[in-house]
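K.L.:
Oh and the sequence shown: position 380 is 631 in this note's numbering, straight run, nothing missing.
Hints listed in this document are in silico derivations from the structure and should not be mistaken for laboratory results. Warning: the hint list may mix true and false statements.
To be verified - Computed beta-carbon distance windows for the label pairs:
1) 668 x 583: 48 to 56 Å
2) 363 x 721: 43 to 51 Å
3) 338 x 668: 53 to 61 Å
4) 396 x 428: 17 to 25 Å
5) 678 x 714: 29 to 37 Å
6) 679 x 718: 16 to 24 Å
7) 449 x 710: 56 to 64 Å
8) 663 x 746: 35 to 43 Å
These figures come from a predicted structure and were not determined experimentally. Cβ coordinates follow ideal geometry from the N, Cα and C atoms, glycine included.
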Amino acid sequence: MATRDRQQEPAPHDGMVTGNLSTIADIDPVNNDDIPPHQTPLPPRSWFGLREKLMALVMSVAILCMLAAVATFFFVSQRSMEIAIESHLASVARLHAQRIDEFNNFLRSELQLMSNRTQLSKSVSSYIDHRGSDALEQTNQLLNDAKRSASFIDNVLVYGIDGKLITSVSAISQESQELDVTTRDTLLTNPLITASVVGADGRRLIRAGGPLMDGRRVIGILVILTSMEPLRVISGGSAGWISEELIITETDANGEPRPITPLRFAMLEDVPVAKLTRIHEPRSSTSEERHLLSGKDYRGVPVLAYTHNLAQPNWTIIVKIDQEDAYKPLRDQRNLWLGLMLTIFIVTAAIAVWLSSHFTLPILHMAEVAVMIASGDLKRRMQHPSRDELGMLSYSVNRMADKLLDVSSELEIQLRLQQDRAERLNEQLIHANNELHWLSRTDALTRLFNRRTLDETLESEWLRATRSKHSLAAIMIDIDFFKLINDISGHASGDECLRRFGALLKETAQRSGDFIARYGGEEFVVLVVDADLPHAMAFAERIKARLADEAIPHPASENGPNVTVSMGIAALHPSKETSPQVLLSLADQALYMAKSRGRNRIETLSGH
Numbered sequence: 252m253a254t255r256d257r258q259q260e261p262a263p264h265d266g267m268v269t270g271n272l273s274t275i276a277d278i279d280p281v282n283n284d285d286i287p288p289h290q291t292p293l294p295p296r297s298w299f300g301l302r303e304k305l306m307a308l309v310m311s312v313a314i315l316c317m318l319a320a321v322a323t324f325f326f327v328s329q330r331s332m333e334i335a336i337e338s339h340l341a342s343v344a345r346l347h348a349q350r351i352d353e354f355n356n357f358l359r360s361e362l363q364l365m366s367n368r369t370q371l372s373k374s375v376s377s378y379i380d381h382r383g384s385d386a387l388e389q390t391n392q393l394l395n396d397a398k399r400s401a402s403f404i405d406n407v408l409v410y411g412i413d414g415k416l417i418t419s420v421s422a423i424s425q426e427s428q429e430l431d432v433t434t435r436d437t438l439l440t441n442p443l444i445t446a447s448v449v450g451a452d453g454r455r456l457i458r459a460g461g462p463l464m465d466g467r468r469v470i471g472i473l474v475i476l477t478s479m480e481p482l483r484v485i486s487g488g489s490a491g492w493i494s495e496e497l498i499i500t501e502t503d504a505n506g507e508p509r510p511i512t513p514l515r516f517a518m519l520e521d522v523p524v525a526k527l528t529r530i531h532e533p534r535s536s537t538s539e540e541r542h543l544l545s546g547k548d549y550r551g552v553p554v555l556a557y558t559h560n561l562a563q564p565n566w567t568i569i570v571k572i573d574q575e576d577a578y579k580p581l582r583d584q585r586n587l588w589l590g591l592m593l594t595i596f597i598v599t600a601a602i603a604v605w606l607s608s609h610f611t612l613p614i615l616h617m618a619e620v621a622v623m624i625a626s627g628d629l630k631r632r633m634q635h636p637s638r639d640e641l642g643m644l645s646y647s648v649n650r651m652a653d654k655l656l657d658v659s660s661e662l663e664i665q666l667r668l669q670q671d672r673a674e675r676l677n678e679q680l681i682h683a684n685n686e687l688h689w690l691s692r693t694d695a696l697t698r699l700f701n702r703r704t705l706d707e708t709l710e711s712e713w714l715r716a717t718r719s720k721h722s723l724a725a726i727m728i729d730i731d732f733f734k735l736i737n738d739i740s741g742h743a744s745g746d747e748c749l750r751r752f753g754a755l756l757k758e759t760a761q762r763s764g765d766f767i768a769r770y771g772g773e774e775f776v777v778l779v780v781d782a783d784l785p786h787a788m789a790f791a792e793r794i795k796a797r798l799a800d801e802a803i804p805h806p807a808s809e810n811g812p813n814v815t816v817s818m819g820i821a822a823l824h825p826s827k828e829t830s831p832q833v834l835l836s837l838a839d840q841a842l843y844m845a846k847s848r849g850r851n852r853i854e855t856l857s858g859h
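Please take these sequences and the hints and turn them into a complete structure.
P.N.:
Given below as structure tokens:
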């Protein structure tokens, strides 16, 4: 309504303004006594005029901006620094946790490799049953061979199912003479890394153990003791800040944490438990950085830290840095900001004085001339609550601004509508293109990839396997007596069988790299990347077991009441001289062998 009312006011009369210019030019704008009687005298000038207002405005804006910048800087920088520190410490902790997990997995694999040795199981079993010295001597020989095969192994021990030591390769400490009940019961069922123990020479060692089997009978516990050197190497690799330190701790029998890796800033090899880091949550309950901890470490120095707990073994990774080191960039920036703000304040004050002294004088003269031009009927239309010179000109400026604003608002509305329409059309086009691309690559019935996509994927996987020199395997699957389903139950039942079997293949795939496609009719192909015949055979066995559980009915199969499949598996190492189709040809030959030998079976062929 305000805009519409302003637009209805009459425009200034150009003739009045032009007619008064020659008269006003000769008038002294300061002395009202010289103004002709037919003209309106100038209003009294306010003591807080444009010059003073401009100076106050510039200074106020400068001060407010600096205060806002300071407050925002300290708030945002503090939070950003803590978030960056937490992110760094968390990534370091996760990285080292992954390295420790890899080392522990390697220990488990070595332990499994030793426990699977038939000769070791037989010799230990013979010693337990007959207590013969020959069996014990053979056991020690096998353990020595296993120790020499891996340089990182410090000792290999065999315990009975009662937890008492049977034999060991090297000397052991009193602590390792007998396993406690909890450790014994745990190692009799699952191979795992339990904790660190003290060796015969006083060094701390990592203990990994698991059940020793003779067939299906548990005959004892096999334990490997390894050096702590891998953990020392892992804990010594963190160097984000100068004071950054990584500590690996475990909980002792009293429930207190103790370090199992050397402390970087400690004078001794080990520090008593009472001097270990005690890190607590920040006091502020509203802090979003709940995972970033603060406190004092074993040196009594304030630190920021992040902890990561390992499920197995029960170790804790602590990554910490000194608060002084962490917040040093923030302090440097704060000092820089204070210097800059002081400089800006001085420069702004000088500019404000200069602007008020030089740039306001022409504006004052222009305003005084405008008042004289507006001495007629146009004077009322130039009224403004302010008594300074800019207030005398504000009416015309506001009116032009209102018109421009109305036009700009209308243009913005139209532009927004056109942009929204264009975005909707673009989204529809992208969706249609994606749908078309997906339909061109998949089989409409089973929703699996089609033959064309299979050829493309086989070509790319072939090239990748050629570069990596890994094996590539293919499983070709044919539904047994599928034609009888269509002939007896109809094509609808056949289509339903294909859909269910395709869904079954999708559910059976365990790796994201495994590729499943419908080859044609009732034939399917599975590409198993980075896999040899045993891996592909295991995949095929899962498919066969899953199909048996699914129990898809078959009206006239010679293999039983449910649907069965024949599978041919081929694996080879791709090369540039061999065509990818050779793999499918071998798999097809293996499938033909499976079908010719009675169906419902798996046959394999291996290329060179």
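K.L.:
For each hint, tell me whether it holds in the structure or not.
P.N.:
Checked hints:
1. 668 x 583: 48 to 56 Å: 50 Å, holds
2. 363 x 721: 43 to 51 Å: Check failed, 23 Å falls outside 43 to 51 Å.
3. 338 x 668: 53 to 61 Å: 42 Å, violated
4. 396 x 428: 17 to 25 Å: 24 Å, holds
5. 678 x 714: 29 to 37 Å: Between residue 678 and residue 714, where Cβ atoms are some 35 Å apart, the hint holds.
6. 679 x 718: 16 to 24 Å: 40 Å, violated
7. 449 x 710: 56 to 64 Å: 58 Å, holds
8. 663 x 746: 35 to 43 Å: 56 Å, violated
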